[in-house]
Amino acid sequence: MSHDHADHEHDHHDHQHDHHHGSALSPVEARVRALESLLTEKGYVDPAALDALVELYETKVGPHAGARVVARAWTDPAYRARLLADATPAIAELGIGGRGGEHMVVVENTPETHNLVVCTLCSCYPWPVLGLPPVWYKAPPYRARAVIDPRGVLAEFGVTLPETTRITVWDSTAETRYMVLPMRPAETEGFSEESLAALVTRDSMIGTGLPKGIPASPVEMPV
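Each residue of the sequence shown is one higher than the last, beginning at 1 in full-length UniProt numbering.
Because the hints were derived from the structure by calculation, they are not lab data. There could be a bad hint or two in this list.
[Claimed, not checked] Have a look at the derived ranges for each label pair, beta carbon to beta carbon:
| no. | residue 1 | residue 2 | range |
| --- | --- | --- | --- |
| 1 | Tyr44 | Thr75 | 40 to 48 Å |
| 2 | Glu93 | Tyr44 | 37 to 45 Å |
| 3 | Ser26 | Ser192 | 19 to 27 Å |
| 4 | Lys138 | Glu112 | 24 to 32 Å |
| 5 | Gly43 | His103 | 35 to 43 Å |
| 6 | Val135 | Leu35 | 46 to 54 Å |
| 7 | Thr75 | Pro141 | 31 to 39 Å |
| 8 | Arg145 | Thr40 | 36 to 44 Å |
| 9 | Pro162 | Glu187 | 45 to 53 Å |
| 10 | Gly98 | Glu156 | 50 to 58 Å |
In this text the structure is predicted, and so the values were computed from the model without any measurement. Virtual Cβ for every residue (Gly too), placed ideally from N, Cα, C.
Please model the complete structure; the sequences and the hints are all you need to start from.
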């Protein structure tokens, strides 16, 4: 589902939708640790399974996975074309996939168009490439205002775009999850994929941010 803001029009697809050694635990960390110990003692939690889950989200699932996809697209035109044409298999080429990423669509930012992702009905989110959704993504204010006032929402995230930039809002569903392919920062020619991936932020792949190296409030650049 896309909501195209030129300023804006609305278009729909189907919608279903560690403790650090030597430092004290914060109150939240202490409560989590106590709860984990209690559940483990009672046999409700398998510590090995919990460790495996934590490792999954730290090393395999999360924004770093999406950043790999973006960096590859920035450096490999053929891959970029495959990604934009059919994102799911293109993402799978990098060994990324799973629940929440069965049908991915990648939309590309350009100087003329900026894309913003939301889920207006709930909190559908591309877990395999972006990991856990941020709290604000699931909150009613973002879900409502992203469609009604995307330019205002972006400004609250520190992203000020030229008035001539079209903003297209994509509404994720249970069937289709969206990810933004942000524009590559200037003066990054010769960067390795790893170096480029380090510039990609979670928010830049949702559309509420820009990659590192691009100013939040663009300045006039010579043509």
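Tested hints:
1. Tyr44 - Thr75: 40 to 48 Å: 46 Å, holds
2. Glu93 - Tyr44: 37 to 45 Å: 39 Å, holds
3. Ser26 - Ser192: 19 to 27 Å: Violated, at about 36 Å.
4. Lys138 - Glu112: 24 to 32 Å: Roughly 30 Å apart at Cβ, these two residues keep to the hinted range, so it holds.
5. Gly43 - His103: 35 to 43 Å: Hint holds: Cβ distance 38 Å, inside 35 to 43 Å.
6. Val135 - Leu35: 46 to 54 Å: 19 Å, violated
7. Thr75 - Pro141: 31 to 39 Å: 37 Å, holds
8. Arg145 - Thr40: 36 to 44 Å: With Cβ atoms ~42 Å apart, the hint holds.
9. Pro162 - Glu187: 45 to 53 Å: Violated: the Cβ-Cβ distance is about 20 Å, outside 45 to 53 Å.
10. Gly98 - Glu156: 50 to 58 Å: 32 Å, violated
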